[in-house]
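Participant: Below are the chains, spelled out letter by letter.
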Amino acid sequence: GENVEQHPSTLSVQEGDSAVIKCTYSDSASNYFPWYKQELGKRPQLIIDIRSNVGEKKDQRIAVTLNKTAKHFSLHITETQPEDSAVYFCAASSGYKLSFGAGTTVTVRA
Amino acid sequence: ETGVTQTPRHLVMGMTNKKSLKCEQHLGHNAMYWYKQSAKKPLELMFVYSLEERVENNSVPSRFSPECPNSSHLFLHLHTLQPEDSALYLCASSQDSGQGAEQYFGPGTRLTVT
Numbered sequence: 348g349e350n351v352e353q354h355p356s357t358l359s360v361q362e363g364d365s366a367v368i369k370c371t372y373s374d375s376a377s378n379y380f381p382w383y384k385q386e387l388g389k390r391p392q393l394i395i396d397i398r399s400n401v402g403e404k405k406d407q408r409i410a411v412t413l414n415k416t417a418k419h420f421s422l423h424i425t426e427t428q429p430e431d432s433a434v435y436f437c438a439a440s441s442g443y444k445l446s447f448g449a450g451t452t453v454t455v456r457a
Numbered sequence: 090e091t092g093v094t095q096t097p098r099h100l101v102m103g104m105t106n107k108k109s110l111k112c113e114q115h116l117g118h119n120a121m122y123w124y125k126q127s128a129k130k131p132l133e134l135m136f137v138y139s140l141e142e143r144v145e146n147n148s149v150p151s152r153f154s155p156e157c158p159n160s161s162h163l164f165l166h167l168h169t170l171q172p173e174d175s176a177l178y179l180c181a182s183s184q185d186s187g188q189g190a191e192q193y194f195g196p197g198t199r200l201t202v203t
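Sequence order for the protein chains is U and W. Take any residue in the first sequence, count from 1 to its spot, add 347: that is its number in my numbering. Take any residue in the second sequence, count from 1 to its spot, add 89: that is its number in my numbering.
These are calculated hints, taken from the structure and not from any lab test. Among the hints, erroneous ones may be present.
As the list claims (entries may be wrong) - Label-pair ranges, simulated between beta-carbon atoms:
#1 U:Ser375 <-> W:Glu191: 38 to 44 Å
#2 U:Gly402 <-> W:Ser148: 33 to 39 Å
#3 U:Glu386 <-> W:His115: 18 to 24 Å
#4 U:Glu426 <-> W:Pro172: 40 to 46 Å
#5 W:Ser109 <-> U:Leu393: 45 to 51 Å
#6 U:Arg456 <-> W:Gly92: 28 to 34 Å
#7 U:Val401 <-> W:Pro172: 18 to 24 Å
#8 U:Gly402 <-> W:Lys108: 46 to 52 Å
#9 U:Pro429 <-> W:Glu141: 41 to 47 Å
#10 W:Ser109 <-> U:Glu352: 50 to 56 Å
#11 W:Glu173 <-> U:Glu362: 37 to 43 Å
#12 W:Glu191 <-> U:Ser373: 19 to 25 Å
#13 U:Arg398 <-> W:Thr201: 35 to 41 Å
Unchecked claim - Derived EDC-like pairs (lysine to aspartate or glutamate); straight-line CA-CA distance at most 16 Å:
#14 U:Lys444 <-> W:Glu113
#15 W:Lys129 <-> U:Asp431
#16 W:Lys129 <-> U:Glu352
#17 U:Lys384 <-> U:Asp431
#18 U:Lys444 <-> W:Asp174
The model shown is predicted, which means the values in this text are computed figures rather than measured ones. C-beta: ideal position from N, C-alpha, C; glycine also.
Construct the complete structure from the given sequences, taking the supplied hints into account.
Facilitator: Now the structure itself:
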């Protein structure tokens, strides 16, 4: 089955700086790569996703890049704000089943 | 109510109890999922239902029994649980297109087994 590894497990950044989270996957058939944000005590919510026919996607301050050859994808958050503090999960899928990374706890210091 | 709802939000049960978790989706989706979320671990997929048929059972112990009576409702029946089953149980739904689709999560049920 698919195995998704996510790094780092924790990330502390100064407000206004950038944050980068990296994930690798094992199944070359995976073609859908979403990122979820989970604030404390709340449900995971999709913040951005990318499909295997695209190398990069951007939505305001967040962007995701995908390298199919190397089987890795990354989340970039620019100009971080306190409300970006949360746990972020990457995932990979080739159908209905999502395989999740272990999560990255991001703390934005004011 | 819109989206995915779950009840109860919190549940404390003894190891000999029987209880059920309920999930309802109002999004018109045809696939529903149960996940277990424990501290410091990835989300663990437990069961997947597509068009009311179970399509995945990820080696989950038989003390967890899912039920999907229709495409909008999903239950997780619990009996003789162990303390290590204490976790946040999340329900999700998606439109099963076979190409990967956004999963919408419910708020979860925080389960404590004493």
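Participant: Mind listing which of the numbered hints don't hold for this structure, in increasing order?
Facilitator: Numbers 1, 5, 7, 10, 14, 15 and 18, in rising order.
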